[in-house]
Structures are given as structure tokens and as C-alpha cells.
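Asker: Here the structure of chain A is known, so what remains is to put chain B in place on it, guided by the hints.
There are 2 protein chains.
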Amino acid sequence: MAQQKKMVEAITSRDVDFAKWYTDIVKKAELVDYSGVKGCMVIRPYGYAIWENMQNDMDKRFKRTGHQNVYMPMFIPESLLQKEKDHVEGFAPECAWVTIGGSEPLTERLCVRPTSETLFCEHYAKVVNSYRDLPKLYNQWCSVVRWEKTTRPFLRTSEFLWQEGHTIHETEAEAQEETLRMLQVYIDFYKETLAIPVVFGRKTEKERFAGAVETYTVEPMMHNGVALQGGTSHYFGDGFARSFNITFTGRDNTLQHPFQTSWGTSTRMIGAIIMVHGDDDGLVLPPRIAPIQVAVIPVAQKKEGVLEKAAELRDRLLAKDYRVKMDDSDKAPGWKFSQYEMLGVPIRVEIGPKDIENNQCVLVRRDTREKTVVSLDVLEETVAKMLDDIHDSMYQAALDNLHEKTYTATTHEEFLDIAATRPGFIKAMWCGDAACEEKLKEETGGVKSRCIPFDEEHLADTCVCCGRPAKHMVYWGKQY
Amino acid sequence: MAQQKKMVEAITSRDVDFAKWYTDIVKKAELVDYSGVKGCMVIRPYGYAIWENMQNDMDKRFKRTGHQNVYMPMFIPESLLQKEKDHVEGFAPECAWVTIGGSEPLTERLCVRPTSETLFCEHYAKVVNSYRDLPKLYNQWCSVVRWEKTTRPFLRTSEFLWQEGHTIHETEAEAQEETLRMLQVYIDFYKETLAIPVVFGRKTEKERFAGAVETYTVEPMMHNGVALQGGTSHYFGDGFARSFNITFTGRDNTLQHPFQTSWGTSTRMIGAIIMVHGDDDGLVLPPRIAPIQVAVIPVAQKKEGVLEKAAELRDRLLAKDYRVKMDDSDKAPGWKFSQYEMLGVPIRVEIGPKDIENNQCVLVRRDTREKTVVSLDVLEETVAKMLDDIHDSMYQAALDNLHEKTYTATTHEEFLDIAATRPGFIKAMWCGDAACEEKLKEETGGVKSRCIPFDEEHLADTCVCCGRPAKHMVYWGKQY
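Those protein sequences? They're chains A and B, same order as listed. Residues in the first sequence are numbered consecutively from 29, following this note's numbering. Residues in the second sequence are numbered consecutively from 29, following this note's numbering.
Worth double-checking, as some hints may not be accurate.
Treat identical chains as interchangeable: a pair holds within one or across any two.
[Unchecked claim] Simulated pairs of lysine-lysine, DSSO-like, Cα-Cα distance not exceeding 27 Å: (1) LYS353 - LYS88; (2) LYS433 - LYS499; (3) LYS399 - LYS111; (4) LYS469 - LYS56; (5) LYS88 - LYS348; (6) LYS348 - LYS91; (7) LYS91 - LYS433; (8) LYS330 - LYS433; (9) LYS91 - LYS56; (10) LYS88 - LYS476; (11) LYS154 - LYS55.
In case anyone wonders, no lab produced these hints; they're calculated from the structure.
Okay, chain A solo, but in the shape it has when bound (with noise of 0.2 Å):
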């Protein structure tokens, strides 16, 4: 027990200070290393086998929804990006460039992809001459540079992993959907496999993608009430099309500009998983991404048979296609314990001599710490109902905790008090215009607009910064 609890102690605890809470677990959960290039991490086998699990759901909804895999080239020539304007201004800031090639300088030199909109609006450009080639519906899963001054493992990396969908089609009616569609499948996949609630809508026009008509984004609520822009999703209109020259002859045989869309997830989403479901006690990680879904710890596993009978239990549960671990180390029970609590493994299953004599087991639930005492012959029904039971609670937890921390605000002063003494999301009235979101976000030290939800309430005739008549309710916060 010594042991066990020197190694909780040793993780901050949320309360106390939550960004030292959250980078103790990110290393002890052994989730990633820092590299010799500043802000660019290593990605250690429990984080990544946490990001494949996350890819392997995500792309499976892709494709049920008709995209394809392609790969884009991860140089963007220099003129190529300069092509969109608004989409240069917003990223060229951040390049990387590439000078030299092969020991020689590069008569152009090239940016080391930020995003990869420039490179496919250049292959559409090639592929799609009519309505019959019409729509493309492609995803690539790669990794991105953006050059950041301030970095954090997973929430802001001058290199992550994501993915980045790109459509392009006949129709405004029709990008627009697809902007929508994938919209959703970002809100599900957070609902129905990372337990996490999010609020969504559209971003402002301050907030936009660098080269967008419209950005749709999801905001999850981190436990201290911070947000963190979870995915979004872009309408780009013809914009692209029309600098990038892409041109199709349409239905009516006259040549016209095709209409896009984009739409982005990345590693931060681990990030959005620690914080919003992590405790002091480490990880607690949602059931159907968990690279262990299940630890066995045998107790006294020295005595006979009980090292057997684990192994035996690991083997069917592994038989059901669970992701099982189990622990024969010589380290003693408790220390195991903590080590899977801190890991977040969703279940424990502890078996010892007393067990086996009375034909059971202990189920021990990560989220809530209950055990249950269950027989061996209904083993596997009983993990495959508490996984499921288990994310729906991890959900409404979450759930509750953004409710809990979600404030209206009507008048500017409530505003202010509230965003300077209960951090969360606040719902207020916006007039439209910058000016108010800038003078907002200065006032409070970096509250800014989330979005405006599609079903907006009516909660004041007046914007809460300026006082003139209101356009619009919006999410406003804080953000990662």
C-alpha cells in the first residue's frame, strides 16, 4: 500500500493545478517524450495505440459515408500556397520551409504542409473536367506543421497527426451538406466513442478557417471549463476553385466552378480525452478507444492454479475480441492496482484463491471505482455490459460537467464576473460585429467566441458587450 500510494501522490492533483495535472499524466502514462525539436513530440506506443484505435473508428465512419483515402505530397510549393490569398495570409506565419534539396538551394522553396487545401485544389485542377467526375470525397491521414511559440503534448504541437478531408462538388447545396454530414460524424464519434459531449455550430467570421465561407466547429468542455476546438469543419464556397482555376462543364454544358469543402481532427482530441475524463488518480480512458479494455490482475498468484485460472480468464475475454492485458509481473497487487488506474483501463478484474473457490471474480470500474463480485460463468456478458455502461456514465459525467459549468449572461457586467470567477462556457448575445469579440476577449484576459449553436435561444434583445441590438446567441470561452 506504501507503494501504491507514493505513486498516486506523485501526480498534482487536479484541483490544485490542472496543467501540471495534466502534463504529470501525460508522462506517467508514458503517452509521449519530448524530442530535441522543440515542440514536435514523440509519440510513445500507449498514446499512439490510443490515436490507431481513434483512427480505425473515425475512417471507418469515412468511408461508411463514401470517402476515400488518398495521400497528398507533404511539400507545398511557395507559389502554390500563395494561390488563395486568405488562405496564405493565415498560414504562412506559421511555416516551416524547406531551402535545400539534395545539398542544393531550391530555386523555390517549399512550405512543409500546414494543411493541405493548396495541394488538392492542384490535383482537382488535373482530375475533374465534368459533372461526371463529380464529387470527390477524399481524406488523408498524415501529419501537419504549424510553427507554434508556445507547445503542450498533444493540445498545441509544432508537428501532430490528424486527418484532413477534402471534397469538392457540383453543387453549393451539396458541399454544403457534406460540410454538415461530416459535422456530425465528428459530434457522434465524440458522443459515441470518446463518452465526451460537445457544443457545436458556426464560428463567427473572426474565427473562420484561413480561406472559408463558413466554419462549423465542436467544442468539448475540458473538467476545469476550458474549452478546446475539437474539430471543425469548412464550406469554402467556389473561392479555391476560382484561384485555383478548377472548372468542370456542367449538366447544361456550360463550364463552371466546382464548390469544396474541408474538415479536420487531430491528436489534440487526446488531449480533449485527459482532460475531460482524467481524475487524480491518472487516465480514465473511454472504454471503446482504451488500449486495454481490460487488466487481470492475479492476487496471491503465487498460490496454485491462480495464475492459470487469470491467464484463463484473460484468454476468453480475449476470445470475445476485448483488448485484455494481464499482469503476472512480480510486483505485488496494489502496486498493479494504481498502475492500471493510472493507465485508465476501464476494468479490472482481480482473482485470487478465495475467487476461485467460490467460482468468481472482482470487476473493478476505472470511472467509478465500484467493484463487483461476479461469477464466472456470466464473465464475458458482464464486461461487455459494463464497458457499455461505463462510457454511458464517463458521458453524462461529462455531460453534467459542461451543463454545470455552462452561465448566461444578459448584461456586460454579469458577463465580466462571471468569466472572471467561474470558468466555463457563457452564453450571451452578440451583435456581429469584431469590434465586440475583440473588446470581450481583452476584458477577460482571452474569453472568445465558441460558436453560435444552430438552435439559438433568445436571451436578451441586446448585445452584452455593446449594448445594440443583438444578431446572434453565441458560446463564448476560454480555449486551449
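Answerer: Chain B alone, transformed into the frame defined by chain A:
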């Protein structure tokens, strides 16, 4: 039939111009598109789907042998790359260098990874402390950059996708065993999944990977007799560990250097698939990685019930997890036949009114063109067996080609004669001197040592080049 003929004529014949035939297929089957960056390619959906199927298969093999996926940064600081002398000499000339990040010149330039040994070593140095931390069995899927002067899609590009395994072990013996284990995984993958036989063995010192003690290789032969280095597995001894100061406390409590390996294969394998199996009508894809395994083509599809029956067959095969496409477009069946031949789809199912009447359909194999009339009652099992048969005969045909084009030379004259007149592999004895390798390469316009097989034959007593006593039997051949 006119359309069909036209399409087929559009591919250059393999025997007339192999290089042009290759490029034609790559373009017509829409595997890649050229990008604006010299030597970088866009991998289009059909090409990427082949890679995904290969990845899934290999990834399972890697995990089954105990490996875990990780992700290292894509940038290597120059000082890190320089830590291992031979390694930097081998790779520095091919590096792309990032010199500007976030609008500012970097104090140290960063190489875009050409391979990641140095990054893994930097990480190992931090996480390996005791023999208890060993082995680490890692793999990563990523893209790498090697600045190439002459490029060809899949075979040699400035950026390519690959997997690189990196492992670190307590003992020399374990690391050597791992090197050979992964070579065997590659041999098996080529045979069982790609239907490609390989010659395999040890590289000569001259052909070793920069920094390796031993490099092992798998060498498939293309249809035209030219080799492709199809995958390599390297044993590093403790050289990298010494250069990067990686140490661990051993079982005897002394500080020791661990032993390392790395092994890799890339999208170049798609080039091998094309050049081993393809024919004058296009791709011929091995069933286990074909993005479409069965193409269902309705014949006289406007006749009542044809489309419905075709869809029913498609659904029956989809239900058995085959990758199936039904083409109900308004193109003529003849056009569709050649289209799916071009795409290398292993089995075409033809179903028309007369077939329906007789409760049958026609299966056409891509590899042999053999037509089989099959009762609809046994569709699934016939397809299952046929896909396996296709795999086996594709392997056998490639093996026959390999045997047919493997020659033996015991004299210098004979070697030069074969090299000049008969493209293929030459088995010949060698004294062990790199000067002879160099001389043979120059005399023959590029015939190089491919490998020293594990089972060397004794063909003669003397080196085929200098006449001195022979040390080894070597496979020689030109390569892509």
C-alpha cells in the same frame, strides 16, 4: 468491342517498352498523379487502397510478432543526424533541410527525416535504463524524404510512404534473431499476400545500409528480369548505442550498451506488384490486396431483373466480406470488361438474362482469362476458392519467371555475356573484394550484387571477376 480495343491499345505493350508500359499503367489505373513538387507524387484512391490493404496485413504481422507502433517527429536536428558517422555520410547528401520556421531563420537547420534511426536512438537513451526495459519493439508508419535526381512513381520518389521498424535488445543474439525474424516476415508477406517470390540473403559490405553491421534483403524479380530491393532488415550491433550513449544496467549490475535493429518496406512494393504481375491489358492484382476483388458486371442490364440480380450477387459477396463493386453505369459491358481488366480486378462476374434463366453466372479470372460458368447456388464458395487459386497461380507464374531468368556464370566471359544478352539474375562466385563488385558493375552497365543467399551453392572455386579463390556465391542483377 471497338471501345474495348481502343482502351487496350492505349497501353504500350510490355515487351515493346517496359518503362512506358509501367508509366501507362500507373496513369491509366489512376494509381498516382504527378504533383507540382519534383519527384513527389499524389497517391490517388485506387493506389492508396492497395497501400492500405498492404498496411493492414503487415501491421497484423508486426503486432503478432510483438511490435508496437509509435510516432517520432519528422524533423532531425543536424547535430543529431551527425552523431553516427557512417549514417550521416550515407544520408546527408539526400536530405531536404528546413532552415526557416515561423518566419525566422532557425539556429540549427532541421533535416526532414530520410529514416529515423537517430530519433529512435535519442528516445531510447531516455527510456532505456535497465535490462527490464528491454527489448523495445517499435514500428512506425510515416513518410520519409530522400532528395532524388531521377524519379519514377512508386519506385523512386523524393517522398515516399513506408514502415520502419526499430528495436533495441539486451543481447547481440536477440538483436540478430530479430533481424532475421523480420526478414522472414517480409519473405512471408511477399509470398502469402503479394504472390511474389523473392531471392533473399545478406548484402555485401558495399551495399549495406549506412551504419549497419549486416543488411539483409528481399529481392523480387520484375517480369523483365530486373531486380527491386524489396525490403531490408538491418542489424546494427551496438554501434548506434555507443554513438548515442545508450546504456542499461544489466542482470550482472554492470552498465552495458544494448543492440539494435531496423527494418523497412515502402510504397515501392506497389511498383513490384505492377511489374511482377501486370500484363498488356493493365494491372493484375494479387487478390489479398486488391481494392476490388470481384467486379459484378450486369449484361443487358436494361432487361427486367438483371440489375436486381446483379445487386443480389454483389450483396451476397459483400456479406462474405469480399471487396466487391457492381458497375451499373451506362457504359457498354465490353468497355467495363476492359476497364476492370485494366484495374487488375481478380474476378469478373458477368450476369445477364440468359444466366438468370439458368440460375448461373460467368466468372472470368483476370490472370488466366479463364471463363467458368457457375451455378448461383455455389457462388460464394466458388469465388473463395477461385481467389485462392488466382493467388497460387500468380505466385507460380512469378516463380517460373524468376527461375527462367536466373542464370549461372562460372567464368568472367560467361558473366559478361549473360549480363549483355539475358536480363535476369546471375548466380556467380565472388572473392569478397568490393573492387570486383565495382568492376562488374562498370563492365555490365549496372549489374550489382543483390545478396549472398543463406544457402550458397558451390558453382566454382574462383571469383567470376578476378579469378582469385571464391568466398561466396552471390546473386547479381540490375535493379530499379
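Asker: Which hint numbers doesn't this structure obey?
Answerer: 3, 4, 7, 8 and 10
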